[in-house]
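S.K.: Listed below, chain by chain, are the residues.
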Amino acid sequence: MAILPFDLGFGLGALRVWGIWILPFVAALIIPAVAKGSKRATGWVAVAFALASAVSALSLLPSALGNHEIHNQIPWISSIGLKAGVLADPLAVIMSNVVAWISFLIFVYSTGYMKGDKDLTRFFFWMAFFLGSMQLIVLSDNFLQLFFGWEGVGLASYALVGFWYKDKKKDHVGIEGRHVLGLMDYYSPTHSGMKAFIMTKVGDVMMLAGMFLIFAFAGTFGFRELTANTSWATAMASQHLLIPAAVLLFGGAIGKSAQFPLNEWLLEAMTGPTAVSALIHAATMVKAGVFLVARLAPLFFALAAIGINMDQFFEVIAWVGAITALLLATQGMVHPEIKKVLAYSTGSQIGYMMMALGVAGLSKQFVDGYTAGFFHLISHAMFKASLFMAAGSILHVVGSRFMTDMGGLRKYMKKTYVFMWAAGLGLMGAPFITTGFWSKDAIFAAVYESGNTWALPLFAIAVITAVITAFYTTRMIGLVFFGDKSKHIEELEKEGHHIHETSPSMWIPYGILAVLTIGVGVMGLAFEHQIHDLFVNYLGSTFGITSNVGAVATESQPLLGGLLQGVNPIALVASLSAFAIGFGLGYVFYIGRFADPVKFVNSNILFYAIHKFFLNRWYLNALIYWGFVVAPLYIARGIYKYFENFVLEGFNVVPEKTMAGGARIMQATQTGVSQSYLYIFGVGILVVVFLLLI
Amino acid sequence: MIEFTSTPILLTLILGAVGVIIPVISVARKEKGSSLYGAITFGALLSAIGVVIYQILAKNVTPSAIFSQNVLVDDRFGSFFAIAMLIVGIMTTVGSFNYMRGRANPAVYYSLILLSSIGMILIAYSTDLVMLFVAWELMSIPTYVLAGYLKKDPASNEAAIKYFLFGALSSGIIIYGISIAYGLTGSTNIEQVITGFSKLSPDMIPLAILAVGMFIAGFGFKIGLVPFHMWLPDTYEGSPPTIAALLAAGTKKAGFAAVLRVIIMGAIALNLHWAFALAVIAVVTMTVGNLTAIKQRNLTRMLAYSSIGQAGYILIGLSVAPVSPIGIQAALFHILNHSVMKAAAFIAVAGIVTTLGVTHIEKIKGLGKRMPITALGLTISLLALAGVPPLNGFWSKLMLFGSAIDAGRTLSWAPYLAVAGVLNSALSLAYYGWIIRKMYFEEGESNKRLKEPKSIIAVMIFSIIFMVGIGLYPDPVIQFAKSAVPILSGLPAIH
Chain A
1 MAILPFDLGF GLGALRVWGI WILPFVAALI IPAVAKGSKR ATGWVAVAFA
51 LASAVSALSL LPSALGNHEI HNQIPWISSI GLKAGVLADP LAVIMSNVVA
101 WISFLIFVYS TGYMKGDKDL TRFFFWMAFF LGSMQLIVLS DNFLQLFFGW
151 EGVGLASYAL VGFWYKDKKK DHVGIEGRHV LGLMDYYSPT HSGMKAFIMT
201 KVGDVMMLAG MFLIFAFAGT FGFRELTANT SWATAMASQH LLIPAAVLLF
251 GGAIGKSAQF PLNEWLLEAM TGPTAVSALI HAATMVKAGV FLVARLAPLF
301 FALAAIGINM DQFFEVIAWV GAITALLLAT QGMVHPEIKK VLAYSTGSQI
351 GYMMMALGVA GLSKQFVDGY TAGFFHLISH AMFKASLFMA AGSILHVVGS
401 RFMTDMGGLR KYMKKTYVFM WAAGLGLMGA PFITTGFWSK DAIFAAVYES
451 GNTWALPLFA IAVITAVITA FYTTRMIGLV FFGDKSKHIE ELEKEGHHIH
501 ETSPSMWIPY GILAVLTIGV GVMGLAFEHQ IHDLFVNYLG STFGITSNVG
551 AVATESQPLL GGLLQGVNPI ALVASLSAFA IGFGLGYVFY IGRFADPVKF
601 VNSNILFYAI HKFFLNRWYL NALIYWGFVV APLYIARGIY KYFENFVLEG
651 FNVVPEKTMA GGARIMQATQ TGVSQSYLYI FGVGILVVVF LLLI
Chain B
1001 MIEFTSTPIL LTLILGAVGV IIPVISVARK EKGSSLYGAI TFGALLSAIG
1051 VVIYQILAKN VTPSAIFSQN VLVDDRFGSF FAIAMLIVGI MTTVGSFNYM
1101 RGRANPAVYY SLILLSSIGM ILIAYSTDLV MLFVAWELMS IPTYVLAGYL
1151 KKDPASNEAA IKYFLFGALS SGIIIYGISI AYGLTGSTNI EQVITGFSKL
1201 SPDMIPLAIL AVGMFIAGFG FKIGLVPFHM WLPDTYEGSP PTIAALLAAG
1251 TKKAGFAAVL RVIIMGAIAL NLHWAFALAV IAVVTMTVGN LTAIKQRNLT
1301 RMLAYSSIGQ AGYILIGLSV APVSPIGIQA ALFHILNHSV MKAAAFIAVA
1351 GIVTTLGVTH IEKIKGLGKR MPITALGLTI SLLALAGVPP LNGFWSKLML
1401 FGSAIDAGRT LSWAPYLAVA GVLNSALSLA YYGWIIRKMY FEEGESNKRL
1451 KEPKSIIAVM IFSIIFMVGI GLYPDPVIQF AKSAVPILSG LPAIH
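Residue numbers (our numbering), protein chains in the order written: chain A, 1 to 694; chain B, 1001 to 1495.
Careful, some of the hints might be misleading.
Said to hold, decoys possible - Only pairs whose alpha carbons sit at most 25 Å apart, straight line, appear in this in silico DSS-like list of lysine-lysine:
| id | chain 1 | residue 1 | chain 2 | residue 2 |
| --- | --- | --- | --- | --- |
| 1 | B | LYS1369 | A | LYS36 |
| 2 | B | LYS1451 | B | LYS1369 |
| 3 | A | LYS170 | A | LYS118 |
| 4 | A | LYS39 | B | LYS1448 |
| 5 | B | LYS1369 | B | LYS1482 |
| 6 | A | LYS487 | A | LYS599 |
| 7 | A | LYS83 | B | LYS1365 |
| 8 | A | LYS657 | B | LYS1295 |
| 9 | B | LYS1482 | A | LYS166 |
| 10 | B | LYS1482 | B | LYS1365 |
| 11 | B | LYS1451 | A | LYS39 |
| 12 | A | LYS169 | A | LYS599 |
| 13 | A | LYS657 | B | LYS1451 |
| 14 | A | LYS36 | B | LYS1151 |
| 15 | B | LYS1438 | B | LYS1448 |
Since the hints were derived computationally from the structure, they do not count as laboratory data.
Quick caveat: nothing in here was measured; it's all calculated off a predicted structure.
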């Protein structure tokens, strides 16, 4: 490409790939400068650069759909053999597009949502930084570079979750005064930011260990290099280090994607501005973990070809996913805060994706589970971003995070109401017309058909979770939009506030995504087959994973005259009934309001206990705090009091005094008298000559 | 004869002509004001750097350093140092814009900076001992005057006198070394001296060793090797901080250029246990420098000791040079990095002096709020000096310590150099961190933002970009350093 007068060493194609992640960073760099001129302009700079990055990503899509791959490397630190590079294969390009476009819409939404905040510069700086780091993760061609993005995402999330660092009462999450096992269930933004940072660090450290374990054997961080030459895997397997290393890497994904047992940070991350929550939950951060697994799963699965069994690794993934899916869904059922319900739901849905990717590795039809997991990632990104932004609008209008303070809003916020239904139906998996239905159905089918020993229990968990999902989504919509106005809203109106729809810059972004959830959903099956075919080619050509081209179609019966060709009937029935039961129960309690849920729970000691168990987050959060925060602090204080004060203080003086003494002697030679300097100089010459002679 | 269009000649002409003309202009010119001279100097240095880069890109430069029959050679080794020193020259000049405002004789000040720069550059290009000595004096004499530039300040006078005293002594010692070398080999050309040394009869060897010892002492004075460092803190502290930047970042590096040209090659020819001697000096130098720095309360003095410590790190690379291929490469890389880091730190202090008039560490409390950009530049340069990733100093230190570990395959004691280096880096963080703590974590007398000198801000921004940029993407510079490494195998076979 002779577009530039000099040779950059790579063509325009690669330049576009680099641009995708570099552009947001450029935006982050210039935003503080722009802020000198106009604070409002920072938002538009962020939006413009996000758009440029997204367009750049889109321009790669056609070639990626043709299973072309752009892999470009430049020397980074060649003296130790490190290269920086970008890898735009179909997986990365599709992911990159999802991230870019959803982030773009969220950025547009932010310009409305954050209007009037006095820290706009800081906000948009971190948002752009967040996006750039995420794209760096997606497009890296090696572990080390990916890790830079990984930590960048962690840092940005810390800064944004704790964005309202003044810890005002309205920015907290949890219920004030509520205690679980003697610990407060009420968190400030700064505390939550720190919690997110530290909990994800646990995973990051594991990932770092896994990375370097593999590096120690392979001598490279590159994904393609690891695929091309697998002798490292044989060497590691013979020392029983391969599975531990793989699981350690997965540890990073557990932390980042808020999977069990590192799931608790995600709920408190709701202290950030809602636009941030949308970004964390739909496009960046938690999806990074799923992406990492999607990056690694084929690599490890392909090792089967050289006789290495990675089943244990995939079992860990599948079970972690399944446990998280159920665990968080149950908690989402009972929580009164709208954003927290959505947060629980995210963790739970990510669990589905992990389950699908894990099951993929356990079955012969790797590509089925792989497609299902990734398809769910895409559809979840759309409806969850939409739901969060809509929830943000509602918070904006109502000024409270509790759903009990809402109610009856459907008359006042018609657009939000409609869009929330559309996106909510996606989350529930409403049959045939939503993306969520097809992707969840694909996961059911993949799990059911995997033929693994664990297939049935996993399938059962998946279906139960789907019932719960449909229930809590209906509950959320019911509490917010149906019934009578809450006391809180009546008070607002008395004070002269007018409950109304939000500005177009806010509702258009989530409107688009809600419409897409339905629009793509109508053609969901065709969409799924597209991805499936693409991945069959991709996995085949890149990793040599041969799979069952067209097997989906042949194995199952043609339903509805071939209209639903390729759909597993059992999975279909399961997802239909899950939706029906969950939605039906939700309708009875929260939309039709035929029964009072509070009375229902209190009517029976068992229901009451279960409710409390769920509301107290299965006591996991409290136990983690007791075990990792309270107890260590207690021990540390004890050590300080009894060990350090007596033992160390006595000994510590020695090195300290030695250093200080040494420094004093050195200082003493520096007399300032030239004669002594010259004397030392002369002696110095003799010493040097002596040293040379020995 | 060396060609008229070769890099060293061109640089001498450009810088020399401007250096001579500036004082003439100042005599002719009526109005006062120093900015004009500063601007001319800046232009001259910038065009000089342009010439060096052009010559490299146009492939007029010998790819790797070789010896020649001429007194100068136009090679990559020289170009590498020329670039490093010109960068320091530019930083000093720009940093001086505000510092010199309202002070006497600005034209002479800038002119002396230019003349000294010529000297530094010519040292790096010299292949003859007499040429090298002339360049050495050309570099030194202007800096004696510059160190004593604040005529009425006794500290500045003391600085200059001490500096001059030691300069004169070490010049004498260098001359003594050269005369021994000439007496033994009948030549002053470095290549012929080395060849001559390698053919000496055994009973003459001690004399040759004495010559090398003289060179170490003579050049070591400029570098600040222990025990030839005594003058250094007094002089850096007393001179104007901008000149301290020139001394620490510029002339010190010229000393390394001379060491590389003369001692390394000479010592290889003599096949001495010189590696061990240099290693001992390296460890002593870094330990004394860092240990003494801890007790300092004055910023310039602390930085002076820190630069002694840094010289010790660079010496690691030189001492393992014959057994580790990356030794000299790492040393060159660290020399370039250190030029910028140290110059940035001193210029930041110059900025503090111009604005607040203080250098005591207790007086800079809360500087992060009062002079945010200067404080940031100082912080980043201190972190880079300590070798914190991902800044440039991290990579060069990593390579230096790596070369020591690499050398462990042949020299059993070499890895201990790396251990000493790491321990010293940790030690150095104690006082670097202390400065940062004072600036950011302690409340100052006021939080009012002060007006920071523009020229200082410019230097800070340049050096921040340099340090962070190379920290993130060090490869091009590492490659450049690699191409500048003199080829040892080009020497006459001796072992």
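S.K.: Check each numbered hint from earlier against the structure, then list the numbers of those it violates in ascending order.
M.R.: Numbers 5, 7, 9, 10, 12, 13, 14 - these are the hints that the structure violates, sorted from lowest upward.
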